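Colleague: Here is what each chain is made of, one letter per residue.
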Amino acid sequence: MFGLRYLPGVTTLALDVERCSGCGMCLNVCPHAVLAGTDGGRVAIADRDACMECGACARNCPTGALSVEAGVGCAAAIIVGALKGTEPSCGCEGGESAGGHE
Amino acid sequence: MAAAKWILGTVPTPTGDVPRVGAELTWADRLGAWARRWGIGRADYTVPPGLYAIGTPTAESVVLVSANYKMSFDWLRRELKGMDAWILVMDTKGINVWCAAGKGTFGTDELVRRVQATGLDRVVSHRRLVVPQLGAPGVSAHGVQKGCGFRVVYGPVRAADLPRFLASGMKADREMRRVRFGLMDRAAVAPVEMVQGGGHALLAAAVFVLLGGLAADGFRLDRVLSVGLPEAALVMGAFLGGSLVTPLLLPCLPGRAFALKGAWIGLLGTAGLWHLLLGWPAGGAVWTLVAWLLMGTALASFVAMNFTGASTYTSLSGVRKEMRRAVPAQAVGMVAGLALWGVSRFTGLLG
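In the order they appear, the protein sequences are chains Y and U.
Residues 0 to 101 in numbering that gives the first Met the number 0 are what the first sequence spells out, letter by letter.
Residues 0 to 350 in numbering that gives the first Met the number 0 are what the second sequence spells out, letter by letter.
I should point out that these hints are in silico values taken from the structure, not numbers from a laboratory.
Please note that the accuracy of each hint is not assured.
[Unchecked claim] In silico contact screen, one side only, chain U against chain Y (beta carbon under 8 Å); selected entries:
1. G101
2. T104
3. L133
4. P136
5. R176
6. R255
7. A256
8. T307
9. G308
10. Y312
11. S316
12. K320
13. R323
14. V334
Predicted model only: the values in this text are computed from it and were never measured.
Each residue gets a CB set at the ideal place from its N, CA and C atoms; glycine is no exception.
The shape of chain Y in the complex, shown without the other chains:
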């Protein structure tokens, strides 16, 4: 029906194609298939609105072609951050362990 898609047009993900070496590491780490390989060997952003800004692609890009303002998409973290005057910080202790959190 409505599916598990979040708000469109918000992600801070950016790709500088000129710096992409085509190593494919970002394709391995993205949990939502946001990036895809192209015929030219470099990657492209294929599904921008599926990006959850986890930051895995940018951290594992050896040439710095990918950038994103990484953070947790967690309302409680944003509230705690606003109250303490800090960056949004996840307060989960052990944390949930379903659906691959292991």
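Assemble chain U onto chain Y, guided by the hints.
Modeller: Frame of chain Y, contents of chain U only:
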């Protein structure tokens, strides 16, 4: 920890004896995981960081990296029946892989440190670490290679796919790389959210039970039952609507913002529950119903919005945008609802 039941013995290595663990989870392991999700017992739910053996691993055996949250460790080892492998447990302060990667404790520096501290390069002859894919937000593969000479291979998202991943020569297919958030996943994490807010909800419900006895003519005990209890049920209904019903029905509810999904449940749930408990409203009760619709919708919306943190697909930018609209609306709804409730209960202004 020396007597931990999940340690079966030791395996000798060039760096000394390494604890050997089983792939079978005991009833105590399962009970511990269940209790943890329901917030029962605040005891440390961790595994000491370091190297562990499963089966009878050799210098050629695969090294699987994990977090020191016991559920992460248990969910990994239960998938390794009949296998010989090393498990390298990082110190993530007792937090699961994905959350710890987001915080940076499941990170490049800690992984390099842990490889060096365990003398892994003397235990195994290869230079390869299988890191769970969801550790990637914290771990830089090229950084680990530079730091300790080990090459990071990202394993599948779900530990259950590990046997297939390893059997296929460490190749992950598309599905192994995707995070899901199916009905069972959502049902599994809902209790965590329910427990976190449950205390506040019960307190609010208790206050409404007592307030039920009060009206313009003073306190009457019979009204605690006839008015207080149903109103407390409306509070708990809205809370469970946001923390349980919304997560379960998540993909079926209109809107993308969790606050909006929760608002639908709050509105419909409060109306339905009111009708079930108090029937059709008459006279001034119409205004009390309107007050509860405002409060129930605002409460369920707020609680549902907090489920963004347990979901597997919301972004920081998206939640910020959602909150900029939702939080003011929730605040207005709650204040207006409370005001209307007070006016209709304690004054004769609304018939």
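Colleague: Now tell me if each hint is right for this structure.
Modeller: The hints, checked one at a time:
1. G101: At 5 Å from the nearest chain Y Cβ, G101(U) passes the 8 Å test, so the hint holds.
2. T104: This hint is violated: T104(U) lies away from chain Y, its Cβ roughly 11 Å from the closest one there, beyond 8 Å.
3. L133: 6 Å, holds
4. P136: Constraint on P136(U) satisfied, holds at 4 Å.
5. R176: 7 Å, holds
6. R255: 5 Å, holds
7. A256: With a closest approach of 7 Å, the A256(U) hint holds.
8. T307: Hint on T307(U): holds, closest Cβ of chain Y at ~5 Å, below 8 Å.
9. G308: 3 Å, holds
10. Y312: 5 Å, holds
11. S316: 4 Å, holds
12. K320: With Cβ-Cβ at 5 Å, under 8 Å, it holds.
13. R323: Because about 10 Å separates R323(U) from the closest Cβ in chain Y, which is outside the 8 Å limit, the hint is violated.
14. V334: 18 Å, violated
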